[in-house]
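Colleague: Since the structure of chain A is already known, use the hints to place chain B on it.
Residue numbers (this note's numbering), protein chains in the order written: chain A, 1 to 255; chain B, 1 to 1394.
No lab work stands behind these hints, which were simulated from the structure alone. Treat the numbers as computed from the prediction; the structure is a model and nothing was measured. Keep in mind that the hints are not guaranteed to be accurate.
[Unchecked claim] Mimicking DSS-like on lysine-lysine, the simulated pairs with C-alpha atoms at most 25 Å apart in a straight line are:
hint : chain 1 : residue 1 : chain 2 : residue 2
1    : A       : Lys248    : B       : Lys1344
2    : A       : Lys142    : B       : Lys821
3    : A       : Lys173    : B       : Lys1376
4    : B       : Lys937    : B       : Lys240
5    : A       : Lys252    : B       : Lys1233
6    : A       : Lys142    : B       : Lys275
7    : B       : Lys1376   : B       : Lys1233
8    : A       : Lys51     : B       : Lys1302
9    : A       : Lys142    : B       : Lys773
10   : B       : Lys1387   : B       : Lys1247
11   : B       : Lys968    : B       : Lys937
12   : A       : Lys52     : B       : Lys1376
13   : B       : Lys481    : B       : Lys430
14   : A       : Lys47     : B       : Lys985
15   : A       : Lys175    : B       : Lys821
16   : B       : Lys1039   : A       : Lys173
[As the list claims (entries may be wrong)] With the Cβ distance kept under 8 Å, some of the chain B side facing chain A (calculated, not the full set):
hint : residue
17   : Ser775
18   : His989
19   : Gly1065
20   : Leu1381
[Stated by the list, open to error] Derived DEER-like restraints, expressed as beta-carbon distance ranges:
hint : chain 1 : residue 1 : chain 2 : residue 2 : range
21   : B       : Ser1388   : A       : Asn133    : 36 to 44 Å
22   : B       : Lys794    : A       : Ile132    : 45 to 53 Å
23   : A       : Glu212    : B       : His989    : 38 to 46 Å
24   : A       : Glu212    : B       : Glu369    : 20 to 28 Å
For every residue, glycine included, the Cβ atom is placed at its ideal position computed from N, Cα and C.
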Amino acid sequence: MKILENNIEIIECFPAIYIESIDSIVIADLHLGYEGIMAEQGIFIPKIQFKKELDMLSKIIKKKKASKIIINGDIKHEFSETSYHEFIEVSDLLNFLKNNFKEIILIKGNHDNYIARVSNRYNVKLYEEFKINEFYFLHGHKIPIDFMRNDVKIIIIAHEHPAIALYDEIGVKEKIDCLLYGNMKDGRKIIVLPAFSYFAQGSDVNILPKEELLSPILREYVDIDELNVIAISEEVGCLIFPKIGEIKNIYKIKS
Amino acid sequence: MAIEFIKKPFKDEENLSCLESYVKEWFIKTFKELTPPQKYSFKLISNGYNVVITAPTGSGKTIAGFLSILSELFKMGKEGKLKDSVYCIYVSPLKALDNDIKRNLLVPLKEIREIAKNKGIDLPEVRIAVRSGDVTPNEKQKQLKQPPHILITTPESLAVMLNAPKFSKYLSTVKWVIIDEIHELANNKRGVHLSLSLERLQEIAGNFIRIGLGATLHPIEEAAAFLVGYNDNGELRDCKIVDVSWYKPYDLKVLCPVKDIIHSTAEQLNSAMYKLLDKLISKHRTTLIFTNTRSGTERVVFHLKDKWKNKYSDATIGAHHGSLSRDIRLDVENKLKQGLLKAVICVSENSNVLSNPSWRKITEITSREEIIYLDQDLKLKKGKFDSIFCREYKDYGFKIKSRLGYEIECTKEHKFLTIRDSKLKWIEAKDLKCGDKVAVIRNIPIFSQYIPRYDEIIPENAYVYLNENILKEIKEEIKIKFGSIKNLCKLLNLNSSTITHNLRGVYPIKFANLLKILSKLGKEEWIKEIKVIRTNKTKHPLFNKKISKEFFRFLGFYLAEGSCDNSGISIAGERYLLEFYSKLLAKDFPLKPIKTKNPHGIHVFKFSSKLLRSIFEKLIGDLKKKSIKGDFPSIIYKLPEEYKWCFLSGYFDGDGYSEIKNKRAYSLGFSTFNKKFAKGLQTLLLQLGIIASIREREYNEEQEFRGRKIKKKGICYTISIYGGEHLRKFAQKIKPKKKNLRNAINHVLNTKGYCNRDIIPNISELLREIRKKISLSTYKLQRIGYNPEKVEIKKRNISRRKLQTLIKLYEKFIELPELLKNLAYSHIFWDEIIKKEPIYLEKVYSLVDTSNHNYVIDGFICQNSSTSLELGIDIGYIDLVVQIGSPKSVTRAIQRIGRSGHKFGDVAKGIIIAMDRDDLVECAVMLKCALEKHLDKIQIPKNCLDVLAQHIVGMALNKKWNIKDALKVIKRSYCYHDLDEETFKKLLHYLAGHYSDLEDQRVYGKIWFDENDGMFGKRGKYTRIIYYLNIGTIPDEVKVDVYKLPDKKYIGNIEEGFLERLKPGDIFVLGGKLYEFRYARAMRCYVSQAPKEAVPTIPAWFSELLPLSFDLALEIQKFRKEMKKKFEKGENKEEIISWLINNYPIDKYSAHSIYEYFKEQYEYCNIIPSFNEILIEETYDLHDRKYIVFHSLYGRRTNDVLSRIVAIILSNQLGKNIGVIVSDNGFALHIPKKSKVDINKLLEEIKNINPIILLRENIRRTELMNRRFRHCASRSFLILRNYKGYKISVSKQQTNAQTLIKVCEEIDKNFPIIEETYREILEDVFDIENALKVISWIKNGKVKINYIKTNLSSPFAHNLIILGEADIVLMEDRKKALLELHEAIMKSIQNRKD
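Next up, chain A with everything else stripped away, as it sits in the complex (with noise of 0.2 Å):
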């Protein structure tokens, strides 16, 4: 499905994009390694979330060649200092993207400390923010200094995964992953990603108050009512839907 003049391709129905411009798809919020941290706190989850993305991966690769990627942050959940074990999972993702791709952009999310250790051994660079030609890819956790630069018109961000929730006649809530789009308060466009994480839990845009919403970029810059909502699932696909405003209308949900 295509957005933005054309411009941009949401993947059938996986959490990616592509954009025709820079041959790149793009996803985000992967957090590997999030069983591992679980079992440090006592939780076992069987380790299970590396192989369903390097699945959902393999899918995306075959329906759209690429020569990059862009990882738009939080690649890992989280690292702690000392265990080597931990970087397994970046590691043989970054192989498998090596073996797929001629360049592997990675964007830093607030998970992503110590990730350098990684991307250097597979020589991949490293940003905080990326610019390329009227993109910015950045992944929302925070205000980069720059963000009011005005040679870029699409900005980029993850972080907040994004989600709506729907209620039928009986009441029963169901919730899915989307992707928003839209213009931020200064006219540019702005993209945010779904999560691409399997044990990801998303934030009820539709619902949550402005206040409540995870990225600052989305408190301040947008008026996260004008954006608009295209939810993806595996089940279904991509599905279109309204302005989150006026999903919030129809179920009389305040502002």
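Modeller: Below, chain B alone, put in the same frame as chain A:
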């Protein structure tokens, strides 16, 4: 026969002769006769039988179980066979009972030995000890050196003991095990857990005698089988059953509070219910009231106290709730047994309560005054209290002193606020040690301030001038009210000519006379019209106005350096100071001082003014001995801040001190001989937000002064300002005149640093957990501000300032726990206890029902008497049990009512007050069943894999096992007798980590298991710790905290399952108030105040309601059938009502209401659903919502199953989600309005489906599954509740359970823990067994189905429909659901645009 009822008691002599002679003598001496259980038990236990004894409370059960054993132990002692080892284990499900039992046994143990000694028999001591989670490691160590002969414990601690490397060897000698409260254990997983522990104990101890004690239950045979289990050869072990639960006669009745329960409004019903309750209570000595929910209990207590204020107070009413949580209930009950709990949290009569604005003696404060209390957010606020409680104590309490100099005298049980393991905790005085940190106030909040006028402090003998206008008004007022001045003077006994002159303005009037007149006129407010004040008629005029700052500064100085004689006051000191203060005084008092020197050569300025003297006397009290006996002027507390500083500056100039060394300021403060002054200064400083300590120093010294020796003796108090920011703030504000003090101040202002005593103790775990969550390294923290590592490893406590810094750092990354933020900015100072000594207290006091249950006593934050729940009444004197609403089971009714008539031979009197029509019918049938001794059945859970997993880990820790041997042990337990080897192996595979990928084995494996060899054993160094920390079967429950917008104030909590049901805009009730749900984030729920006219859109969660038992449900069906027949026969009202009254234990109102209820149903739809009939009713509610109601009276657990099965079938047929409402009397399906239901098709499918498969698929998609899976997962160590010493929060357990369940399913659809979850839901939560029975009855036609359509629901369906949905059956096809939702949204948008 393996299990045998003993129907006939033995003769007393037969029983007693089984005991050793001195034991027998003790018994005869202590008791008049044998109680019914004892008439069996002494002999049976002595003869070595396993026994189950059921008997009501107060029947001497404990002695019945123990005495033969005590006798045997003493006999062994006499023969020198009693080793240092455990012989008897007593297990009770309730920790709280343990100490009770110990106490109850210590007395006979002691007395029996004495009797024997008198007979010349020297018996060794038989030791008894408690070993439970509450016992200190120290005590456990002691037990290891000298084990008790009788060990009192809980099921969990018993399991731990089986693995205790050293202690378990003492268990090899166990001969008896007593299981108390067996009725509380037999029907749940705790009991299952215990049954395995017993078999494992058997491995250590060999055969032992099992004794089960309990209240009535049914069938006892099954409880007995549960207790004894099977032999290795697969036969049930022998057991004798003694059932004396019915020896006590029962007097039972159902009362209906109103004549017609159907047509009464809720208000009428409620008010009638309380009237009835009051009447019942008044007629009895002590009444025990049960409700079915905790909130219900609280409501009853609240309303009784509210409606009859003089009659019911905290001192006269206690509440007891019987919610599902047995532990809480037993705990309260135990507190009841211990007597008046409320009476123990008290302080001595010397204590002072912090009120607004300062201290009040506890004996003098009244409930009209405001007190200061600590709110949820740890800020001091002003609040209220209900009354003062006073009682005789005549016992030793404690005098506790803190480093800041606070002192309190309190009872041993008085509760102080502390932090333990990162949690706020109330700790009793007896458990506090020197060095412990407790909460004291760090400031005193100011809620109002004002500057007094002189007329408020002048003495009565002063003379005052008033304005002419005012005098005129007074005169007029007198004329109107009393006719003439003369009349008034006669009345007041005043000289009328003087007063007439006074009022003409000729002479000033005596202040006392003016007061008298104005108060008679009711015009006290005119006092402020006084213009000028004089001591006598001529001298030194003082203009009445607001008192100046200067005066207060002078007052401060005077307090330190002043003296007086009859004609005036003096100040002494250095001359420049005196000059300065004279000028200050002159601002209000234009007096010229007489300047002299005293015999010691010190300058003295004297002010001759009687007025001034008496003003000071009024403010300070005893002026002559001011330095010892004077009072600190309380007027200061109300002044504005600036004035307070003036006062302090004056005092500082007089008695201030400074400690400067090497140009560094160490300390500033005051010193005084007067304790009251010291306290006053400390209080005043607290009002200004400055912490100061009071130190006492005794001195006894001779001083030489100009050749004379002066003996000085007494106590000197030093008020020293705490270092760091406190000292700096003080220095900034205080403005001394004295030169050396001014220098000192300058030094302070140049000193940096903060107060290192101002710390927040014991929050290491919390800090560590937070940092882990956000994964900041200590190195990074060091760089950006502060490294908390030493705090996290408990090497030191964190200072308040550092905590604030840390919070600012952390907040950028994570939502911090409210507690942490509250602690950092609280009004609490964590002060250290430096002295604790016993003190005899004659009388003690406490404030009752303060805001937020606490108040401030002498600086300490203390809990007040207690909440209503804990209030005690002696259970021994209960002569009536009232149950409000149905207790839902005959057995439960009997257990509860059995609490009355405690004394042997009394009648147990019980009354149930029915609260609605279904209740009424239910209770009538229930009590009839009770009178006919027709009890409902317990269900013992079987083959619980989670509990088994836990024990397998325990067994593996003991030794290497052959799986055949292990299975043999396990199958001895009644609960696992038919466990098959394959399931067992599957569980072993899970525990050995064979289920997950190889690399994760380390994480999962808790045992090793080699299937080829058929062996398993322990693995991993953490396993033992994990086992100890996670043992047990009671799950942690998730509470979601609720915050009110916009200020996000905490208002309470709701169950997680309830949150799942809320959608934005829903209105629900919490704590008696209505709120609108807005959104939730990370286990926090945000709501706003609902509009006034709002009605709840979602019913209060009723998971805590008890389900109606299946057996009783069938009885009610039969009752309905009887009634139906009567209506069909056309019997008239009188006939039916008199039949009801004659056959059921109910009153007239009840009979009338039951009649009306059935009549309406019969007349409305000509059909009464009855025995072996299910009525299906298609209908609508008042909001035009469509329902299919099934009148299936089988109890909620069975209806849970039936409703789901029907809903799934219907959901599939209609392709829609369906809301399900379940109650004891039936269930209703909420379906979309346009859906058409084909009942025949529905019934056909019900008959043909495989219910279990269908149900499992459905259950999988419910919230219930997620929650129960977490319980099972934590029982089987799949999710740990406690890891390496850290408690894992329930919400985290839950979030992970949801992912875990998905993952486990992917590994194996029949993963053992998932299987267990289904089993638990189907068998323990639901009642699949009986539900299948009902379905088979439908199939074979035993149960008939009737079908009607109504426009509005029939009377029997009303209660059901107003309940609201309990659960939802989801469409199987999520894809379809999503697409439909999407479509609905788009349509709605389209409609709007059109």
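Colleague: With reference to the structure, classify each hint as holding or not holding.
Modeller: Here is what the structure says about each hint:
no. : hint                                : in the structure
1   : A/Lys248 with B/Lys1344             : 48 Å, violated
2   : A/Lys142 with B/Lys821              : 23 Å, holds
3   : A/Lys173 with B/Lys1376             : 14 Å, holds
4   : B/Lys937 with B/Lys240              : 20 Å, holds
5   : A/Lys252 with B/Lys1233             : 22 Å, holds
6   : A/Lys142 with B/Lys275              : 64 Å, violated
7   : B/Lys1376 with B/Lys1233            : 19 Å, holds
8   : A/Lys51 with B/Lys1302              : 15 Å, holds
9   : A/Lys142 with B/Lys773              : 19 Å, holds
10  : B/Lys1387 with B/Lys1247            : 39 Å, violated
11  : B/Lys968 with B/Lys937              : 29 Å, violated
12  : A/Lys52 with B/Lys1376              : 24 Å, holds
13  : B/Lys481 with B/Lys430              : 63 Å, violated
14  : A/Lys47 with B/Lys985               : 24 Å, holds
15  : A/Lys175 with B/Lys821              : 32 Å, violated
16  : B/Lys1039 with A/Lys173             : 20 Å, holds
17  : Ser775                              : 5 Å, holds
18  : His989                              : 14 Å, violated
19  : Gly1065                             : 6 Å, holds
20  : Leu1381                             : 4 Å, holds
21  : B/Ser1388 with A/Asn133: 36 to 44 Å : 39 Å, holds
22  : B/Lys794 with A/Ile132: 45 to 53 Å  : 50 Å, holds
23  : A/Glu212 with B/His989: 38 to 46 Å  : 45 Å, holds
24  : A/Glu212 with B/Glu369: 20 to 28 Å  : 42 Å, violated
The earlier numbered hints that this structure contradicts are 1, 6, 10, 11, 13, 15, 18, 24.
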